[in-house]
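There are 2 protein chains.
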Amino acid sequence: MTELTNKRIVVLCGGVGAAKLLRGLIKVVDPKSVTAIVNTGDDLSMHGLHISPDLDTIIYTLANEINPDTGWGLKDEGWKAMDMVAKYGGIDWFRLGDRDLGTHLFRTQKLSEGSTLSEITHEIATKWGVAVRVIPMSDDPVRTIVTTVGGEELNFQDYFVRLSHDVEIANIRFEGHETAQPASDVISEILTADIVLIAPSNPLVSIAPILSISGIEDALRKRSENVIAISGIINGKALKGPAGRLLNELGYEASATAVAEIYKNFVGTFVIDDVDRSECKRIQELGLRCMITDTVMTDGAKSADLCRTVLSEIIN
Amino acid sequence: MTELTNKRIVVLCGGVGAAKLLRGLIKVVDPKSVTAIVNTGDDLSMHGLHISPDLDTIIYTLANEINPDTGWGLKDEGWKAMDMVAKYGGIDWFRLGDRDLGTHLFRTQKLSEGSTLSEITHEIATKWGVAVRVIPMSDDPVRTIVTTVGGEELNFQDYFVRLSHDVEIANIRFEGHETAQPASDVISEILTADIVLIAPSNPLVSIAPILSISGIEDALRKRSENVIAISGIINGKALKGPAGRLLNELGYEASATAVAEIYKNFVGTFVIDDVDRSECKRIQELGLRCMITDTVMTDGAKSADLCRTVLSEIIN
Numbered sequence: 001m002t003e004l005t006n007k008r009i010v011v012l013c014g015g016v017g018a019a020k021l022l023r024g025l026i027k028v029v030d031p032k033s034v035t036a037i038v039n040t041g042d043d044l045s046m047h048g049l050h051i052s053p054d055l056d057t058i059i060y061t062l063a064n065e066i067n068p069d070t071g072w073g074l075k076d077e078g079w080k081a082m083d084m085v086a087k088y089g090g091i092d093w094f095r096l097g098d099r100d101l102g103t104h105l106f107r108t109q110k111l112s113e114g115s116t117l118s119e120i121t122h123e124i125a126t127k128w129g130v131a132v133r134v135i136p137m138s139d140d141p142v143r144t145i146v147t148t149v150g151g152e153e154l155n156f157q158d159y160f161v162r163l164s165h166d167v168e169i170a171n172i173r174f175e176g177h178e179t180a181q182p183a184s185d186v187i188s189e190i191l192t193a194d195i196v197l198i199a200p201s202n203p204l205v206s207i208a209p210i211l212s213i214s215g216i217e218d219a220l221r222k223r224s225e226n227v228i229a230i231s232g233i234i235n236g237k238a239l240k241g242p243a244g245r246l247l248n249e250l251g252y253e254a255s256a257t258a259v260a261e262i263y264k265n266f267v268g269t270f271v272i273d274d275v276d277r278s279e280c281k282r283i284q285e286l287g288l289r290c291m292i293t294d295t296v297m298t299d300g301a302k303s304a305d306l307c308r309t310v311l312s313e314i315i316n
Numbered sequence: 001m002t003e004l005t006n007k008r009i010v011v012l013c014g015g016v017g018a019a020k021l022l023r024g025l026i027k028v029v030d031p032k033s034v035t036a037i038v039n040t041g042d043d044l045s046m047h048g049l050h051i052s053p054d055l056d057t058i059i060y061t062l063a064n065e066i067n068p069d070t071g072w073g074l075k076d077e078g079w080k081a082m083d084m085v086a087k088y089g090g091i092d093w094f095r096l097g098d099r100d101l102g103t104h105l106f107r108t109q110k111l112s113e114g115s116t117l118s119e120i121t122h123e124i125a126t127k128w129g130v131a132v133r134v135i136p137m138s139d140d141p142v143r144t145i146v147t148t149v150g151g152e153e154l155n156f157q158d159y160f161v162r163l164s165h166d167v168e169i170a171n172i173r174f175e176g177h178e179t180a181q182p183a184s185d186v187i188s189e190i191l192t193a194d195i196v197l198i199a200p201s202n203p204l205v206s207i208a209p210i211l212s213i214s215g216i217e218d219a220l221r222k223r224s225e226n227v228i229a230i231s232g233i234i235n236g237k238a239l240k241g242p243a244g245r246l247l248n249e250l251g252y253e254a255s256a257t258a259v260a261e262i263y264k265n266f267v268g269t270f271v272i273d274d275v276d277r278s279e280c281k282r283i284q285e286l287g288l289r290c291m292i293t294d295t296v297m298t299d300g301a302k303s304a305d306l307c308r309t310v311l312s313e314i315i316n
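One line per chain: the protein sequences are A and B, in this order.
So for the first sequence, our numbering puts the first residue at 1; every next one is plus one.
So for the second sequence, our numbering puts the first residue at 1; every next one is plus one.
One chain only, chain A, in its complex shape (with noise of 0.2 Å):
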């Protein structure tokens, strides 16, 4: 495996699947030879606060701060502020726990300071020890907004939390991705890496943001011999959360296969489960090679091992 150690890794990340990707990356490659580029589209103002849930979920993650129930949010903490804000009938729905706060505090007084969400994030990581590069997709604004089936505009969090996904969805949309550019060394990044992966993430609400921003779906099409993606859909759902259910309500079937036809023009190489080793040809079929292999990271080793198993086979 020495051969892989010091491979520079770009990984294009949602939140908790990301997180578990990059968990195990780390045991594989050098942690400083990665980097992450992560959504923001889930990004809020709530209290006044800027809120960077990706962000946050994988910082956390890599610090070994998060907390193992929920995965996301931060081990030991505390609710104090929730619960005074749950008192005067205020938003309480989308819950910041007293740790977190703090994160959220920082972030929004140093962009209140004039700092860019890039070098905020940078400070935070480093805060937190995490030596892989952490990098927001844009230091511009972008918001995934999904309109329901009955017309009403939802922000993202409003449709993921505090609706908890549970409406039909009939259009997604990233506003401001027409003019937002990427952040520093985003494309750079993925330019020089010698292999860039799509996490399992959601592709519709955790990849498509990232891929709308000027640049970033050009270049790895200039890469594409060198993007795997993994799939985030499992005999024809997500692990967690509502992919294969919007999937479908946007017209796609809910297989690997589907995603792997969003994917086709910037990707080489499509990597799939076991349990999904049916769907091997058509992805083929799409022009990508297809690897199979046990997808599911229910642990840090099991999640070294899927990136073992991957960048090994394409790497030699």
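Derived by calculation from the structure, the hints in this document are not laboratory data.
Small disclaimer: the values here were computed from a predicted structure and weren't measured.
Glycine included, every Cβ here is placed at the ideal spot set by N, Cα and C.
Among the clues, some could well be false.
In silico DSS-like pairs for lysine-lysine, Cα to Cα no more than 25 Å straight-line [to be verified]:
id, chain 1, residue 1, chain 2, residue 2
1, A, Lys75, A, Lys27
2, B, Lys240, B, Lys264
3, B, Lys27, A, Lys32
4, B, Lys127, A, Lys87
5, A, Lys87, B, Lys87
6, B, Lys75, B, Lys302
7, B, Lys240, B, Lys222
8, B, Lys222, A, Lys127
9, B, Lys27, B, Lys127
10, B, Lys87, A, Lys75
11, B, Lys281, B, Lys237
12, B, Lys32, A, Lys87
13, B, Lys75, B, Lys240
Label pairs and their in silico Cβ distance ranges [stated by the list, open to error]:
id, chain 1, residue 1, chain 2, residue 2, range
14, A, Pro141, B, Glu253, 49 to 59 Å
15, A, Ala86, B, Pro31, 45 to 55 Å
16, A, Ser184, B, Gly129, 50 to 60 Å
17, A, Glu153, B, Glu119, 21 to 31 Å
With chain A held as given, fit chain B onto it using these hints.
Just chain B now, with coordinates in the frame of chain A:
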């Protein structure tokens, strides 16, 4: 004392000293007949949050939730958020406890939705079961700015908390006061109250911002026979805070008489502590009634005694 019970009392308030006065006052008169008009010149924006220290000190005190050790903030407080901010190297000199943060989150969210500070203050007070009507001096931003002898301009909390008011001041101004309007009912409350009390708060940085708002001093002048000010200066200095020193730095004598001089045009009765009885003659020469009593509010009972003494003498 029954004749006092239903008298309508308006109190002009800063933070800690005013809160102590109110805590006694509501033992002497019906809390529902008391209106607190509170300084917001100390308000600040920090971490993206709108913080109103004097409003919170008043409400927390009346709710019996104030931290008894500090006189500000909440009891049973946690510091997880601040510990995180400190970890990140953020601004941690203005101590915001986890419970207290809930108040700022709620306030900031409601402001962003278009509620006025008055409306939000009423909601917060109501949720705490506070029967006193608590009104900010203005819904418009007014910010107390101090200029040091070195010419540096500082926001009030920078001066007061960050620098522990340990720097010589050349000037104080209230940014925004020229265009700020009194909050709804501030003027009518003053004009129709049986008694207007000026709490023993800092005359230069707690009461002066209130007086700087258009129409408030005029309203007080019309009621001056029924306006009673309690000196915040005892034996040449404040019991707490830099009032004595500030008076000196800005060219006043550090004495109860100097405060009476500042207030003389809109106050009928000036209350001084027993230890300052020698100043009564000078205060009378300013055209004010001088009342001498024990003004040190070491507990709620002594605060109630002070209120009973002052109100009885004027009302009877």
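Against the structure, the hints come out as follows:
Of the supplied pair hints, the one linking Lys75/A and Lys27/A holds, its CA atoms being roughly 22 Å apart against a limit of 25 Å. For the hint linking Lys240/B to Lys264/B, the alpha-carbon distance of about 23 Å falls within 25 Å, and the restraint holds. A C-alpha spacing of about 65 Å is found between Lys27/B and Lys32/A, which places the hinted pair above 25 Å, so the restraint is violated. Between Lys127/B and Lys87/A the alpha-carbon distance is near 7 Å, which keeps this suggested pair within the 25 Å criterion.
Our distance criterion of 25 Å between C-alpha atoms is broken by Lys87/A and Lys87/B, whose separation comes to about 29 Å. For the hint linking Lys75/B to Lys302/B, the alpha-carbon distance of about 22 Å falls within 25 Å, and the restraint holds. The suggested pairing of Lys240/B with Lys222/B is violated, with an alpha-carbon distance near 31 Å, which exceeds 25 Å. A C-alpha spacing of about 59 Å is found between Lys222/B and Lys127/A, which places the hinted pair above 25 Å, so the restraint is violated.
A hinted pair counts as satisfied when its Cα atoms are at most 25 Å apart, and Lys27/B with Lys127/B qualifies at roughly 21 Å. A threshold of 25 Å between alpha carbons decides the hint, and for Lys87/B with Lys75/A the separation of about 16 Å falls inside it, so the pair holds. Annotation: proposed proximity of Lys281/B to Lys237/B holds, straight-line Cα distance about 19 Å (limit 25 Å). Restraint check: the Cα-Cα separation between Lys32/B and Lys87/A comes to about 22 Å, which is no more than 25 Å; the hinted pair holds.
For the suggested pair Lys75/B and Lys240/B, the alpha carbons sit about 20 Å apart, so the restraint of at most 25 Å is met. The given range of 49 to 59 Å is respected by Pro141/A and Glu253/B, whose C-beta atoms sit roughly 55 Å from each other. For Ala86/A paired with Pro31/B, a C-beta distance near 25 Å fails the hint of 45 to 55 Å. The given range of 50 to 60 Å is respected by Ser184/A and Gly129/B, whose C-beta atoms sit roughly 52 Å from each other.
Distance hint check: the CB atoms of Glu153/A and Glu119/B are about 27 Å apart, consistent with the given range 21 to 31 Å.
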